[in-house]
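**Student:** Here the protein sequences line up with chains V and F, keeping their order.
According to our numbering, the first sequence is numbered sequentially starting from 4.
According to our numbering, the second sequence is numbered sequentially starting from 172.
If you are wondering where the hints come from, they were derived from the structure by calculation, not from laboratory data.
From the three backbone atoms N, C-alpha and C, an ideal C-beta is built for every residue, glycine too.
Honestly, I wouldn't trust all of these hints.
What the hints assert, rightly or not - Computed Cβ-Cβ distance ranges for the label pairs, DEER-style:
| id | chain 1 | residue 1 | chain 2 | residue 2 | range |
| --- | --- | --- | --- | --- | --- |
| 1 | V | V332 | F | T476 | 33 to 43 Å |
| 2 | V | I437 | F | P287 | 37 to 47 Å |
| 3 | V | K457 | F | I487 | 46 to 56 Å |
Unchecked claim - Stretch by stretch, here's where chain V covers chain F in the computed footprint (C-beta under 8 Å, at least three residues):
| id | region |
| --- | --- |
| 4 | 314-324 |
| 5 | 438-449 |
Read off the chains here:
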Amino acid sequence: MLFHTNDLKHRTVTFQGKQLLILYLESMSDTERIEKEILFPIVHEKEGDVQDVVTDAHVEKQEDLRTAVDKLVQGQAVIILEGDTVCYVVDTRTSHNRGIEEPDNERVVRGAHNGFIENLTVNLYQLRARIENRHLVVRYYTVGKETKTKIAIIYMENLANPDLIQEVDKRIRSISTDTILNPGFIQEFMEDDPWSPFPQSLNTERPDRAMAHLMEGRVVLLSEGDPTALIMPVTLFAFYQSPDDFHTRWWVGTFVRMIRFASFLLAFQLPAIYIAVVSFHAEVLPVDLVYTIKASLDKVPYPPILEAFLMELALELIREAGIRLPSPVGQTIGIVGGLVMGDAVVRAGLVSYTMVIVVALTAISSFVVPSNEMSTSIRFLRFPLMIAASMFGFVGIVFGTMAVLIHLTKLTSFGTPYFAPAAPMRLKDMKDTILRMPIWKMNQRPHDPHPQRKKQEDDSSRRWKKDDQGKQ
Amino acid sequence: MIKESSRITQGQLFFYMIQAQVGIGIMSLPHDVHAVAKGGAWISILIGGVVVQLAILVMWALCKRFPNLTMFEYLPKIFGKWIGGFFNFAYIIFFILMATLVLVLFESLINKWVFPLTPRWAVLALIVMTSVYLVIESLRTITRFYVFVSVLIVLIVLIALNAFTIADFTYMFPITEAGWGKIFLGSNKVIVSLLGFEMLLVVYPFVEGKADGKLKAASAGNAFTTLLYSFLVFIALIVFSPMEMAMIPEPIPYMLKAFSFRVVERLDLLFLSIWTVIVATSYMNYLFLAANGFGHYFHRGNHRTAVYYTAIISYILALIPQSPDGIEFLTQIVSWASYAFVYGLPVLFLLISLVFRKREKGKTA
């Protein structure tokens, strides 16, 4: 049944006067547990029912040999007694866990410094520990015909919309592939519009972020072997929220959010606007500035679009190289690539100074987004816009931007509009999108996941204030 | 029947109304009306708004009799299959012509103000492709986009407010210089510029709620557009002297061109960019109306496929009139046609349906 593999171990002992065979995968099972919970009692007792003798908490009778093999592969030990039609499966799985650390790509200043790890059970524990509520439901699925990847969806039974749960369930069940390498696979199989450059489910490694979304009535999907949680449905604006916003004062939170939105616009539009201005509409700029820019541009033989592409590509190269290299070398790359090359490229007359400024600003802005996935999307989108700007100037930018806005309006995430609350416009939900209003003002859950209960606060949260005033 | 997933709310109808009405007219309206009504041009706009309001009332009364049907569905009910079909196709042609006119005027303005050398077909292709990309969606999605871009109108008003720094209020006096008769005549131009509200004939059954609420939303939209137009005309009147006004065909961007700030030297380009979006929504509106008509006849009520060829027809038509005379000719045709299709025929339809007691069977909303 199981193809010969070297890590399959077997051990024969005598029990009830008969031969007893214990099979397990060395790589998956905890040998210490096998010794303590199976071997020791069996050798000691010699007589009795196997299920009673084995001291492990989880012993299961199994008649189907095929299933038993599947269990074996999962790391459970299989006990076969001579002359018996059933075998016993004992849970002796071993777990090698990485410590719970803060995820590198989603850091916060204040707040919890723990993140999801590769082990599903530990991840579920982290969520359950945050929401100790009997309404928190976990549902397991196995996807990937060959890899048999275990995934879990988590939601609040009394908050999440039943239609949404059904939709998620339907989409997971329809996945029929051999391999599920990581949640990115599941994401692409489940998304409404896989052709879109925008991610339609949020991935995060932070339990606090996942928890916040659970409490808004969304669904979280975790998969064994990967520290990323997928959250669905989401809106564009969810990618611009960070748990940090809620640890600062709301004025500061709002300010930071606005900075992030400015960064969205800059990262998306700045190179295009620069190209349009220098190649078509120099008259938009004040006269003095035009002279400076022209002087810098005169030394460059290439049209602005080529300049821009050169610099943007160089930047993407530095970024990619920086990720792949070990961190001490990565910093060197940053300095060599950024400082030395930036300066030399201008002196060599390949790129103008202003273009370096524009590209640097764009790069910084694109890294402001708290979600890495979204930042990549934005950086990708600015290239078509640059081409449009180089051909049609401002008109090209307007139509390019309009096309993106239309795309966002059309896009849905699990049936709910992706661009909410901007389109469809919902001023009530704006409290937690571009702004970050005081928490006691956000007494309603956002509308987009259609939660079962809208209200999330009684009016009494700040009642003490009225009570105090009454006493005076 | 209208699918639940493409219904829009009354609030959305309000914004749809604004986006359908505000369009190409903004640019030249002050010049055109001033040519007739002189200092009283802004009053002409208000009068025009009232006339449009009357037309909206007629359409509303007509649509109210068929609360769940679009014009393409109820005209055959009033007149029978053949005559109703004839009217419907006449309307489809009218909508396509309107779409073409928007394209032609848009292109000629872009040509004049931004890109004198860019080929016509390229600029036209940009707007047509972008519009098609949205209009193939359901009305609900289209309207969501309209609501979102309505923010831009606030920007237009803010930009225009700068005019008060160089305003000279004596330019507009005496207000009744041209006489009340001329002021009334001036509104003639306005009721063409305010076109777009005829979408009510088709969009009405998509709107949720009671008939009264729909009327209120549509009227509020019209009131908003009228006030916006008269505000812009008013500003043009106080910035340019009557002499200048007669010579400047597009006063609003001309005025903005004169402003210069520390940061942005030419405000008119910013204005034109915003205006481009507003024009695109007008075009999208006509594209939707025409495609909806074709969809009713050829695609079982689904407008999606029809959008593609409707857009191509209007694109090709828009490439034809090259000369200013050609544009003028098209404008004339369309403005005369609009009197018939928007202000005339709905009255006729209403009367006939009243006289012959035609209304939608079943429950009345």
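**Student:** So, for every hint listed, does it hold in this structure?
**Tutor:** So, going through the hints one by one against the coordinates:
1. As the Cβ distance of V332(V) to T476(F) is approximately 56 Å, the hint placing it in 33 to 43 Å is violated.
2. Checked against the hint of 37 to 47 Å, the pair I437(V) and P287(F) passes, with Cβ atoms roughly 39 Å apart.
3. At about 51 Å, the beta-carbon gap between K457(V) and I487(F) stays in the expected band of 46 to 56 Å.
4. Only residues whose beta carbon comes within less than 8 Å of a beta carbon in chain V count, and the region 314-324 of chain F has 5; three or more means the coverage holds.
5. Counting residues of the region 438-449 of chain F whose CB falls under 8 Å from any CB of chain V gives 5; the rule of at least 3 is met.
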